[in-house]
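Position chains B, C and D against the provided structure of chain A, taking the given hints into account.
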Amino acid sequence: MLLDLWTIVLVSMGVVFFLAGTVGLLRFPDALSRLHALTKADNLGLGLVVIGLLPRLTGIADGAKMIFVWLLVMLSGACLAQLVAHLIRQSGDFKP
Amino acid sequence: MTEFLLGSACAILVVVAVGLVRLLRGPGEADRMMAVQLLGTGSTAVMLIFGAVIRQPAVIDVALIVALLSAFAGLAFVRGISPNSGGGDE
Amino acid sequence: MTGATLHGLAAAILIGLGVFGLIAHASPLRKILAFNIVGSGVFLLAGALARRGAEAGFGGDPVLHAILITGIVVAFSATAMATAMLLRLRSVTDRTTLAETPPRHDADPPA
Amino acid sequence: MTAWLDSAALILLIGLAAWVVLGRNTFAAVAGFIAYGMLLGLVWVELQGIDVAMTEAAIGGGLTGALMIGAARRLKSAAPVAPATAGTLVIAIGVGAAMAAILAACVLALPNPAPSLASLVAGNIAATGVQNPITAVLLAFRSMDTLLEAVVLLLALIAVWSLAPDAEWPGRIGVPQTANPNGILAYIARVLPPIGLVIGFYIFWAGADQPGGKFQAATILAAMWLLIISAGLGKTPPVSSRWLRAGLIAGPIGFILVGAYGVASTGAFLGLPAAYAKPLIVTIEIALLPTLTLILALLIPPPLRKRAEA
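Residue numbers (our numbering), protein chains in the order written: chain A, 1 to 96; chain B, 1 to 90; chain C, 1 to 111; chain D, 1 to 310.
Simulated from the structure, these hints should not be mistaken for lab results.
Sample of chain A residues facing chain B (criterion: CB under 7 Å; computed from the structure): (1) I8; (2) F18; (3) V84.
Computed list of lysine-lysine pairs in DSSO-like fashion (alpha-carbon distance at most 30 Å, straight line): (4) K40/A - K65/A; (5) K31/C - K76/D; (6) K65/A - K278/D; (7) K76/D - K235/D.
Residues of chain A placed beyond 12 Å of chain D at every Cβ, according to the derived structure: (8) M1; (9) L2; (10) L3; (11) S12; (12) L19; (13) L26; (14) F28; (15) D30; (16) H36; (17) K40; (18) I51; (19) L57; (20) I60; (21) G63.
We put the beta carbon where it would ideally sit given N, CA and C, even for glycine.
In isolation and in its complexed conformation, chain A is listed as follows (with noise of 0.2 Å):
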C-alpha cells in the first residue's frame, strides 16, 4: 500500500515536470531559455517516473536497467544541449 502511494506520488510528479518542460518550451521567449526548461524538465520527469515505478518491477537487475535508461538519456541530452547551445548562437537567435 505504502509502495502504491510512492508510485502515485512519484510518477504524479514526473507528469508535472514533463508540463512543466512542454510549457517552457511553449511559452519562453528566446531559443537558450527553451533550451533550459527542456533539458531541466524532461530529465528531471524521466527520472521521477523511472524511481515511481521501481517498485512494481520484480527483480533487481531490471529496476537497474531502468536506471540505466535515465543515466543515458541524461548523458545524451547534456551532450546534445550542448551542440543545440551552440547551434543557437551560432545562428544569432538569442539575446544576452
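Frame of chain A; chains B, C and D shown alone:
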C-alpha cells in the same frame, strides 16, 4: 493502480504532443530539435510505464534502444543542420 | 472496437497519407520519406493482423513478427539505395528530379 | 483505459506522418520523421510486438533518420524543384484517400477468428532450443528468408558502392570527417560507443530467450561506429580492405555452411538436427552480426569531396 499508470502515460503523451507545436512553428531548426528531444524522452517514459502495466520487463530493453538511437539521430541532426560543423563537404 | 482494429485503421490512414506524399511531391527526397511512411503503415497493418492472431501465450503471431523484422531491415536497404541513386543523379546531372525540364539555353550549340 | 493510450499514440503518430508528408521545409520534415520513428517504437510495444518495436525504433527512427539528414544536407544547395500542379494534387488526394478507404474497409472485414501460426510455433519451439519465438522463426522455421535477406543486404551495399564516383574507387568512399577533438561531439563519441557496445552485445545475447537479437544489436553497433566516424575518431575502411570484405561475407557464408551441414545431417538444406539446433542457431547469429553491422553502417552515404560532388 493500472488505471492510474495508464492515465499518467496518456497525460505525458498529450503534454508532449502539445510540445510538438514547436516542431510546426520553429522558428529555428534548434527549436524543432528540442521538440523532437522532448518527444523522445516522453515516449521513453510512456514506454516504461506501459511496460510496468503489462508486466513485460523486455520493454525496458526497448527503452534502452530508443534512448541510445535517439541520441545518435539527434547528434546526426545537429551535425546535419549546423553550418560549419566540419562535415567535410564545405 | 479492439486495439488491433484501431491500429489497423490508423495504418490505413498512414498508407493513404504516404501514397499522397509519394505522388504529390516533386522532390525525390520527399518521395523517399513518404515511401517510408507507406512502409511503416504496411508494417503496422501486418502488426494489427499479428495481434489478432495472438494465441498460445504469445502477444501476437510470431511468424508475422519475424517476417516484419526482416521487412524493416530490407526496407532500410531499399531506402539507402534510393538515396544513393538520388545523390548520384545530383552529382552527375546537377539536378534532383527526373521530370522533363525545358532545354537549357546556355547549353544550346551555336547555330 | 488502454484504448485511450492506444488512441492518443495513434493520433499523434498520424499527426506526425501528416507533418512529414505535408511540411514545406525538408529539414523540418526529417525532424518529424525521427520523432515519428521513436513513436512507432511505442506503438509497437502497445501491439505487443517487442522485437519489432526494437527494430522499428532502431532502424526506422535512428538509422533512417541519419540517412535522410545526410542526404538533405548534401542536397541543400540543389536547385528547388517545381511544385506539383493542381492536377497532380487532385490525383494524389484521390489515390491516397481511395487507398486508405479500401484498406480501412478490409481491416473492418477481417475474418474471425483470425488465422494464426502462433500455436504451431508454440508446439515446435522446444525442438530449436531457443525460447524467443521470433528467433526460432528467423533462424529455424523460416531460415531461408533470413539467409536471402542477408544476401539482399549485401547486394544493396554493392549497388550503393557501384554508385560511388569513379574518383573514390577503390579507396575510402567519402572524405574523412573532422571535428574539434576537444569538442562535445568528440566527447560523446568517446563516451557513448563503449556503452552502446555493452547494450548491443546484451541485446544480441538476450535474443535467444527474450526479445532482441542480431538485427537490433547490429543496428546499435552500426550507429556507434558511425558516431565514431562522424566525430573524426575513425575512418571508413577502404572498399578494397580484406578484413572488410571478409566481414561482409562472413554471415552469408556461415549461414550457407550451416545449411550444407543440414543437408549432410538431416537431408534438407538448412535442416537443423535436434541435438545441435541451438549451437547451430547461435553460430549463424554470431556469423551474421559483423556482416549486418558493417552493411547497415556502410549503407549510410558519407559526405563526398567537393570536386566529386560538383
